[in-house]
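Student: Sequence:
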Amino acid sequence: MDIGPHINKFIEDTPQADFRESSIERYSAILDMVLKGLPLGEMLHALILLIEAQKIGTRASVLLLSDDGKRLLFGAAPNLPEEYNNAINGVEIGADVGSCGAAAYTCERVIVEDIEHHPNWTKYKELPLKAGLKSCWSEPIKDSNQKVLGTFAMYYDTVKSPSELDLYLIQEAARLASLAIERSRGMHIQRLSSTIFNSLPISLVITSEDNVVLSANPVFKSLTSTYYANLKLFDVHRFLSHSKAEEVADLFEHLKRGHAWKGELKGLKTDNDIIDIALNVTVIRDTFTQQNCFAWLITDISARKNAEKIISFQTNYDQLTGLSNRKYLFETLQAMKCKNSIDGKKQEFSLMLMDIDHFKQINDTFGHDNGDLVLKLVAQRLLNTIPENVLIARIAADEFALVIPGKMCTESLISMFNNITDELKKHFIIADQDMMLSMSTGLARYPYDADNVEQILNCATQAMYSAKAHGRNCMQFFNQQIQKDAERNAELHLYLKTALIQNEFQLYYQPIVNPFTAQITKAEVLLRWIHDDQFISPDEFIPIAEESGLIVQIGEWVRMQALTSIVAMQKSDFTIPLSINVSTIEFWNTDLQHRFAAYFDVLQQQFGLDVFPYSLLTLEITESLMMTQQDSINQLLTDLRHRGMQISVDDFGTGYSSLSYLVNFPVDQIKIDKSFIQRISSGSRHKSLIEAIVSMSRALDLSIVAEGVETEAELDFIKQQNIDAVQGYYFHKPMPQEAFFDLLAKQAESIARLK
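Heads up: the sequence shown is residues 1 to 755, going by my numbering.
It should be emphasised that the hints constitute simulated quantities derived from the structure, not laboratory data.
Ideal Cβ positions, reconstructed from N, Cα and C, are used throughout, including at glycine.
Everything hinted at is true.
The calculated PhoX-like cross-link candidates involving lysine-lysine, where the alpha carbons are at most 20 Å apart (straight line), are:
#  : residue 1 : residue 2
1  : Lys687    : Lys719
2  : Lys160    : Lys134
3  : Lys733    : Lys522
4  : Lys142    : Lys70
5  : Lys327    : Lys309
6  : Lys309    : Lys266
7  : Lys147    : Lys70
8  : Lys130    : Lys160
9  : Lys360    : Lys468
10 : Lys232    : Lys269
Distance windows between CB atoms, simulated:
#  : residue 1 : residue 2 : range
11 : Leu73     : Gln171    : 20 to 30 Å
12 : Ser548    : Asp273    : 51 to 61 Å
13 : Gln171    : Ser312    : 25 to 35 Å
Build the full structure now, drawing on both the sequences and the hints.
Tutor: Printed below as a string of structure tokens:
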């Protein structure tokens, strides 16, 4: 019977690797029995047990067709009731005789999903139902000439239909049964073996104890063509020379004892081609020579191994950077912890968590493709900088983790961070533009800061956020204060989500005055948050709002309230302009920029204004916004200026702005940061710096506001510079709207009396 094409197609088409391996094992087992000349009943009994082991819940049987071709006789059914086996033994075949009788009669597979209601079982269903059998699938067993030899049936105690895998299994069982039956009916074992050898899609060679090749199939000859050129001997040691020595030694120790061996090794296909193989070696006693022979079943599993490597890489490594991923990092840390438990001592290590500063802005500005390029370049620079024993992983979009084994002093850890920082300071060329990156880094040490994997990562994360809060581009070591700050931030973030809904925000106003007349000419709108009757500092909640994106909604609320104040002042006839702080986050991408611009039209419609009072609004931006150099931002602010709005640079001098930014950016005003004003008394150099800022501003035709004026000496110096706008506690502290409106009303009355 030429079963080669069928077996080959079956194994190739079967998707499950486990099923493929078990299929090979069944072929090997039945082949071994055939070669040993075991009785038919014993082979069929073993076959059924193999099939039942593969398919849990199956109870199988083999029925043999009588010599006259009219009846089915018992062959093997170890797990069916004896009463049932006796009852069907000798049943006549026919088109409507159950499942097996019909399969033998029609020479076709018969699937009966429900015995109780199927017409084939009308006369016979009492027997199977009594035995608890509710469905039966039967496959005709055919010889090489397609003549029916019997049937292979699978019974179940439930009503069910077969899956594709079930059909493969029953078909394979019928083929294996066919091999056993044909042999038992007198086919010469050598001819059968030759047919099997030439048909199997698996390499098979039989050797003597001296490695003399007794028989080999074509697949083996193709696999080992290097050796088969002089095929007298199968040089097993050379063929397995790239396998682990201990595994090869174990193989030969088993064979020496007359035991079979199964495992996975390396095979030398050619001098330059090493393959992965699955090897099954069966020991056969040759009754003629009274020596052992060996049947070597060799399967090339290189494709499977390569697939496993790919899957392993995809599971444990980041496909973009090639670094370890979060899963692999966790498993490594967990393994280190388990090793500590076994050894009884703590294996110390440090976990450094690094996050690229303003990476979202890079993505939004240059696009995600260029963002990916930045990540790959950062990964390469990190690899070039860190020691070889340090594990590096990419655990989130722009977050990298370093596991530094052993106990390292603080100075060494700081030195490593500085080396990384220096490497990142070297310019990147992205989208034809120079870019210099920085990273905020948090560091936690095991087991001092935490004694489990999740907590140590949490500690490093909190330290990293602390680094961001301290101005970024720095490293923070985890400590208990960071833990308290993290808990506080988490609490504020939770409350912040509902602060707008609960009306917990208020606007305070700090007047800006003419230092020579003390008259209020303008005011800065300041956001205040009162939660549970307590003021929460903007220094605390503004960074949280920016990090979470809530700042966009909050900013829109502030502008709406500011316009409400302007409308109220217009009705009271003491209107003055208001300055509003705007977060850089509100300009990060074009969608937010369009939303920002459109919101003024929304306000105009909500308030029913014929003309929006742009001239009464000043937007206070930070120096970092100028650093973005986005044409879309420049265009947006230019459009707003054309409508009458002014643009002011807040806290000037504390960031990274330069003259080129001021010249090219649409700016009307700068506010000298209070830190410069309050250092006037420290020496002439601080005064000279303010004088330079004033001179530069006037040269660029920019108005000036001096912030943080609190003393008479500071005010006198400001007057000497002819700065005509001052903000600070010397004149007024920030105040609620009612107090501010009262102050404006009194000023209006005073001016009216003077007139």
